[in-house]
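*Asks:* Taken in sequence, the protein lines are chains A and B. Positions 0 to 475 (numbering that gives the first Met the number 0) are the ones given, in order, by the first sequence. Positions 0 to 626 (numbering that gives the first Met the number 0) are the ones given, in order, by the second sequence.
Simulated from the structure, these hints should not be mistaken for laboratory data. Backbone N, C-alpha and C fix where the C-beta goes; we use that ideal spot for every residue, glycine too. Heads up, a few of these hints could be off.
Label-pair restraints from in silico Cβ distances [said to hold, decoys possible]:
hint, chain 1, residue 1, chain 2, residue 2, range
1, A, V60, B, N7, 34 to 44 Å
2, B, N7, A, T91, 22 to 32 Å
3, A, N100, B, K172, 45 to 55 Å
4, B, L18, A, T8, 46 to 56 Å
5, B, N234, A, I41, 18 to 28 Å
6, A, I63, B, G143, 32 to 42 Å
7, A, N100, B, F105, 52 to 62 Å
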Amino acid sequence: MKMERRLYTHIDWLTIICWLFIAIFGWLNIYSSVYADDGVSIFSLATKSGNQFLWIMIGVVAAISLLFMISPKFYFSITWWLYIATVVLLVTVLFVGKEINGAKAWLSIGSFSLQPSEISKITTSLALAVTMGTYDFRFSNRACLIKVLFVVLLPVALIAFEPDMGTILVYCSLCFMFYREGMTGWLILFALLGILLFVVTLKFSPLVAILVLIGLLGLLYSLFTNTPMGTFLLITAFVVLVAFLPGLYDAEGMKFLSMMTPELWVIILTVPFIISLIWRGLGKKKRFRIYFAIVYVISVAMIFSVQKIFDDVLQSHHRDRIENLLGITQDLKGAGYNVHQSEIAIGSGGFDGKGFLQGTQTKFNFVPEQSTDFIFCTIGEEWGFLGSILVLAAYLTIILKLISSAERQRDSRYRIYGYCVACILFTHVFVNIGMTIGIMPVVGIPLPFISYGGSSFLSFTIMLFIYLRLDLERWR
Amino acid sequence: MDFGSDNNKKMMLVAGTVLAFLLLVGRLSYLQLINTELKLSADNNAFRYETLYPPRGQIFDRNGRLIVSNKNAFDIMVTPADVKEFDTLELCRMLDLDTSFVYSEFRRFRKYRRRIGFQTIPFARHLSAERYSLFMESQQKFQGFTGTPRTERIYEYNAGGNLLGYVTEVDEKYIKRHPEYRPGDYVGRTGIEEACERELRGKKGCKIFLRDAMNVIKAPYRNGECDTAAVPGINVITTIDAELQNYVENLMKNKVGSVVAIEPSTGEILTMVSSPGIDVSVLGDIGKHYRQLNADPFKPLFNRAVASTQPPGSVFKLVNGLIALEEEVVTPETKFPCSNGYHVGDLTVGCHSHPSPIDLRQSVMMSCNAYYCALFRRILDNPKYPSVDSSFTAWRDYVGSFGFGSKLGSDFPAEKASRVPTAEYYDKMYSGRWNSVSCISLSIGQGEMGCTPLHLANLASIIANRGYYYIPHIIRNHPDPEEDARFAEKHFCAVDSRHFEPIIDGMWKAVNAEPGAGGTARSAHVNGLDICGKTGTAENPHGDTHAVFICFAPKEHPVIAVAVYLENAGFGGTWAAPVASLAVEKYINGDIDRTPAREVLENRILNADLLYKNPASDKFVKSKNAK
């Protein structure tokens, strides 16, 4: 008992203060976003602000109980039961769920609505910690890999049926944790390359994407071999120059060139290089050359299928949102309305904002979903750059604190769970705020601790405080 | 990446997180600190501005008579962003509009929806109070349409549309040049309305309401704290004599040309008539008539009094005579012969029959061409100057001191400059080989020079003052003290005042000499008024000669100086001089003397229709007098 008491002197107060600040600041902004000048109290349970206050109170109680009443051993002893229960909930929601905004993501129990996918983030994190935290876990071990993939992909698959793209995106961010736990970083880099090429292809053209691809791969190649940079530059310059040749030729003998699309022309040009790359890569210790060739071929294939993926795989509202983000179309009344109004709200805040309850954009409902997904508009408009930076700083503190303390855990399960929490929080913050300021497509995920809603507030709080309790164990 | 330890991986992740947050901060600082457009967008979203239009200032004449005042009218405004479906036919019936007009307007709103945004712009103008109340009764059926009281101009005197100017809604071109105006504002164009726009327009007021995303008006912004009331425009007192203006407008009916009268002792413009002009009956709603006015062959929109530069003809002899006296190349007693013209080499400048030789006074009275050719050559061949270049430049400087060769700088808009050739001009034209004969036409105000009727009236005013003038102006006590000082400043011409007496004698004789003595302007004679005048008959390639006359009265302590320019009318003495004399008599005596001679003259002028003599007329036939 004495031991326990000593533990609690190490509670991470900085994180708790940041959490409390964000929660209360968020609550004030929810009040502001529903404020209607009619004298209704901020505590009134008839309003969202009153409800949110109730949730914060419950959250505080939950936080205290998690910190002081539940032993870490308990979580890991019931992890799999929790995981199975979550999967059952995720299946249930597909049948009896309430459909909101095109996703069957909500379970209604009386007047209380619950989003199983919110809970699944916690239980999946715990399950991953248990799976990967064993002494002999290796990604190179096929059995381990399959187990991990199963743990992650089962809830992802169920959520994809809802469908809830936002939460899937959050799950994707777990790869940062995998990266920390031994997954190769090339995969992340390759994924980033894929996103870049996708965006470039849509925004510009396949030709530009291919040229970018050649440039990036060439740069990496010359960095990782002894090939002098000059050679790489020469080759790139040659390819870029020749790429524009077909347009220049008008001579009779060159007609066949101008019939060809420039993309095809460039590909044909690069074939000899690729073949030589593979040929030379056949020798020992030179396998990476083949990887380059493979990445190149896969990327080119992807570039040519981007339009098809975009048109056939994505849903139309996703297409609209991406096109709006990339500035391909500008539809300020339709798909682009939210983001446009949101940018207006945030931009009009200026340096120090319009003041509490003074935001005209939020007060008069120009931005939809202001109290939930677009709550950051209220902050940006009424508290300006200062307020926004303060909120960002608080989030950054929590996330960096999570990473640094996770690194110090002796039990790798705690570390893995900590990284999971960090990844999930980071993705929520970055994607949500990024969408309100127009650098991310509109994805409906809440801003942690701020967005209105008990289900989201409580699950984030529980997720965070489970870790804070686990963190105490390293002082034992 | 695989290169590196766990710690390295942690650092990569931390770096990535910080980088991502910096990206957010960067975008936030762009939106919140750099971009200013978004703030405006937010205001446009939430604020609904209702403009309160002030009544325009009234315009008075020099004697306090009201020339231009206001009456109430109503405009229907529309906020295209707020318009809901409505019954087009009913709206058309109520506002007396054409359905095609409504359709084309809404097509325009659609085309410019970005630029219009949430702005409220005029839809139908100048509604009577009855129509307006009819509209107000069923206003709720037409969302987005509102009515706003405006004022419409009414004209108490026929003071001429070109003098008064008109008021129209600003167009896009105008807004581009004057960003302080907004669509829907009215602005004075041309004439006094433009000259005094800053005073007359007043200050718009504004009511600000807050509205929500559903476009429902929530409340007055800060309980109306930021609302401003409209400030009515300032009344303007002009230098115009309304009675005289009205009278001369009538005299000038059916004639092409202009009349300018100035009070010499102040430079105040008493009358400025351009004919054919814009009738005040269409001035109030000029938008409806603009196309028709613009297509009129007589160009009523063109203010001839300040913008038509024409050769001055013989009245310019006065200037040359004065210069010759100042340069001492002639004395009032110098005589030149005239044998029906001036002959040098193969060049002949014709003249009419009159006694010969004559002195300076008689030359003014009889308007002898030969006299001024000889005199002009003496000026240019003056041995005082080394070359004709320098003597010509000296002559041009003299002419410039009379206000010719440039703008006078009056406060009346659209004033054109007078044109006087330079020595370089002749150098170029004759490749450097020219002499006093080359530009001999200038001696009698013909050839390469031109000036506006305003310049001629100013010349009359200079002679009346014996050597100085005030810049002619139309506003009394200009509100801008700098401008006011500019108009109070005496401008002396380069000729000494003692040289004016012989010239004025000649002008007096031209009007008041006994019949048969050869006075060219006998028709301008009025008993007891001592009018001094000089006729001019300006040749032009288009048709009959222009009739020109400048005069002032009385001879001592003159109170009015007049210039009359009638295009293609014929002789100056036949047409221009009577108009001027009637104007002078009206101004000094208040009315025309009811003697048979004056009544006949007045009726002849009032009833004369000289339009057919103008090349713009469809009845135009080249007269035999034309050369």
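*Asks:* Confirm or reject each hint.
*Replies:* Do the hints match the structure? See the list:
The supplied range of 34 to 44 Å is met by V60/A and N7/B, whose beta-carbon atoms lie about 41 Å from each other. Taken as a hint, the range 22 to 32 Å is violated for the pair N7/B and T91/A, whose Cβ atoms sit roughly 44 Å apart. Taken as a hint, the range 45 to 55 Å holds for the pair N100/A and K172/B, whose Cβ atoms sit roughly 48 Å apart. Distance hint check: the CB atoms of L18/B and T8/A are about 35 Å apart, inconsistent with the given range 46 to 56 Å.
In this structure the supplied range 18 to 28 Å is violated for N234/B paired with I41/A, their Cβ-Cβ distance being about 56 Å. Taking the beta carbon of each, I63/A and G143/B are about 57 Å apart, not inside 32 to 42 Å as hinted. The hinted range of 52 to 62 Å is not satisfied by N100/A and F105/B, whose Cβ atoms lie roughly 35 Å apart.
Going down the numbered hints, you'll see the structure goes against 2, 4, 5, 6 and 7, while the others check out.
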